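FYI, in my numbering the residues of the sequence shown are 2 to 316.
Treat the hints with care, as some may be off.
Stated by the list, open to error - Subject to a maximum C-alpha distance of 35 Å in a straight line, what follows is the list of computed DSBU-like cross-link-like pairs (lysine-lysine): (1) Lys-151 x Lys-188; (2) Lys-151 x Lys-181; (3) Lys-219 x Lys-151.
What the hints assert, rightly or not - Here are the simulated distance ranges between beta carbons: (4) Asn-196 x Thr-311: 18 to 24 Å; (5) Leu-79 x Leu-267: 29 to 35 Å; (6) Ala-70 x Lys-301: 54 to 60 Å; (7) Lys-210 x Lys-189: 38 to 44 Å; (8) Leu-80 x Lys-301: 19 to 25 Å; (9) Thr-311 x Ser-77: 38 to 44 Å; (10) Tyr-113 x Leu-20: 52 to 58 Å; (11) Ala-133 x Asp-272: 30 to 36 Å; (12) Lys-243 x Lys-189: 51 to 57 Å; (13) Leu-20 x Leu-81: 33 to 39 Å; (14) Pro-108 x Ala-133: 21 to 27 Å; (15) Lys-151 x Lys-301: 40 to 46 Å.
Keep in mind the hints are simulated off the structure, nothing from the lab.
All values reported here derive from a predicted model rather than from experimental measurement.
C-beta atoms are modelled at their ideal positions from N, C-alpha and C, and glycine is treated no differently.
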Amino acid sequence: MFKKLRNHFILINLITTSLILVSAFSAVYLVVKNSSDRKPAPIETTLEFMHDDGSVTSFRQIMEERIRADREASLSSLLLTLIITGVAVEIIVAIFSYLFAEQAIKPVKTAYEAQKIFIANASHEIKTPVAAIKANLEAADLSEENHWIKNIELEADKIETLNLALLRLAKTDAYKETLKIEEFDLKKVSQAVINSFKSRLEQKGLKLKFTCPAKKVKLNKSDFKEIFEILLDNAIKYGQKKVTIEIDSKALKITNDGTKIPSDKLPHIFDRFYQVDKSASGSGLGLAIADSLAKRNNWKLTATSDKLTTFVLNY
Numbered sequence: 002m003f004k005k006l007r008n009h010f011i012l013i014n015l016i017t018t019s020l021i022l023v024s025a026f027s028a029v030y031l032v033v034k035n036s037s038d039r040k041p042a043p044i045e046t047t048l049e050f051m052h053d054d055g056s057v058t059s060f061r062q063i064m065e066e067r068i069r070a071d072r073e074a075s076l077s078s079l080l081l082t083l084i085i086t087g088v089a090v091e092i093i094v095a096i097f098s099y100l101f102a103e104q105a106i107k108p109v110k111t112a113y114e115a116q117k118i119f120i121a122n123a124s125h126e127i128k129t130p131v132a133a134i135k136a137n138l139e140a141a142d143l144s145e146e147n148h149w150i151k152n153i154e155l156e157a158d159k160i161e162t163l164n165l166a167l168l169r170l171a172k173t174d175a176y177k178e179t180l181k182i183e184e185f186d187l188k189k190v191s192q193a194v195i196n197s198f199k200s201r202l203e204q205k206g207l208k209l210k211f212t213c214p215a216k217k218v219k220l221n222k223s224d225f226k227e228i229f230e231i232l233l234d235n236a237i238k239y240g241q242k243k244v245t246i247e248i249d250s251k252a253l254k255i256t257n258d259g260t261k262i263p264s265d266k267l268p269h270i271f272d273r274f275y276q277v278d279k280s281a282s283g284s285g286l287g288l289a290i291a292d293s294l295a296k297r298n299n300w301k302l303t304a305t306s307d308k309l310t311t312f313v314l315n316y
């Protein structure tokens, strides 16, 4: 993330410098060109030269042609100088931007690290009382049906789910170990993930179309499965009639026929705690976790939404 932010900082500096240089150099060139286009004061002379072929050229004509040639050469030289100067300035700006980029994004990096520590610590602190509440509810002698107790259990489950998501996100952010790459049967693993969601598909009456070759791939298996689960869970949650899953050795593609995501909201769906439908259940962390897992593996997770909503994981 910070590498991308640093590159963005350098790019903004280069674009800004380019616009300033192009504007300034264009103005200089146009001023000089307009000045050179002005006709010189006429040379008052009747001196003429006769050539060997008998033709006659006036001294004034010779001088005007020479002045014109000198002006064109000067303009060409000026243009070349401006181009070389502009390229040199851009190289210098790029070097200094690269050198100072880390310093420029340091406050952001510090704030981000503090946020990660806070999320991890808060999640651990919440985990214990939630576990205690659930344990006491299970141990309590509640022979009669009580909807208030049911509400407490439901809300405790929601807090536990949210807390687990926060812990998973914090763990993903802090993950610095070497990624475990292993060979596995793509179709077999994918089918196992789908089987765990079969009851939800049936409950919602969704038709599933699944295509995947029986092929072995070398990937981070656990991260692949987790991203697959998050994307499939999202597709089932918002799908209306069908869900389509297409997998090959290069990409995982999941499509649902749910409500179209507005174009202005589409760029934010991988943001943490962001939900297009604010009334929907969930914490808004699922896609953020999937995106974080994809980035740490150098995979690319994208989404499009027109008539159908499609998530594509390129690995």
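A quick look at each hint next to the structure:
With a CA separation close to 40 Å, the supplied pair Lys-151 and Lys-188 exceeds the 35 Å bound. Note on Lys-151 and Lys-181: the hinted pairing is violated, with a Cα-Cα distance of about 42 Å set against a maximum of 35 Å. For the given pair, Lys-219 sits about 46 Å from Lys-151 by alpha-carbon distance, which is inconsistent with the 35 Å threshold. Judged by the Cβ atoms, the range 18 to 24 Å given for Asn-196 and Thr-311 holds: they are separated by roughly 23 Å.
For Leu-79 and Leu-267, the Cβ-Cβ distance of about 48 Å falls outside the hinted range of 29 to 35 Å, so the restraint is violated. The beta-carbon spacing between Ala-70 and Lys-301, approximately 56 Å, falls within the hinted interval of 54 to 60 Å. Range check, Lys-210 to Lys-189: Cβ separation about 19 Å, and the 38 to 44 Å hint is violated. A hinted range of 19 to 25 Å is violated for the C-beta pair Leu-80 and Lys-301, which are about 42 Å apart.
Against the hinted window of 38 to 44 Å, the Cβ-Cβ separation of Thr-311 and Ser-77 comes to about 53 Å, which falls outside the hint. At roughly 30 Å, the beta-carbon separation of Tyr-113 and Leu-20 lies outside the given 52 to 58 Å, and the hint is violated. As the Cβ distance of Ala-133 to Asp-272 is approximately 32 Å, the hint placing it in 30 to 36 Å holds. In this structure the hint that Lys-243 and Lys-189 lie 51 to 57 Å apart at CB is violated, the actual value being about 24 Å.
Take Leu-20 and Leu-81: their Cβ atoms lie about 21 Å apart, and the range 33 to 39 Å is violated. For Pro-108 paired with Ala-133, a C-beta distance near 39 Å fails the hint of 21 to 27 Å. Distance hint check: the CB atoms of Lys-151 and Lys-301 are about 43 Å apart, consistent with the given range 40 to 46 Å.
Checked against the numbered hints listed earlier, the structure breaks hints 1, 2, 3, 5, 7, 8, 9, 10, 12, 13 and 14; every other hint is satisfied.
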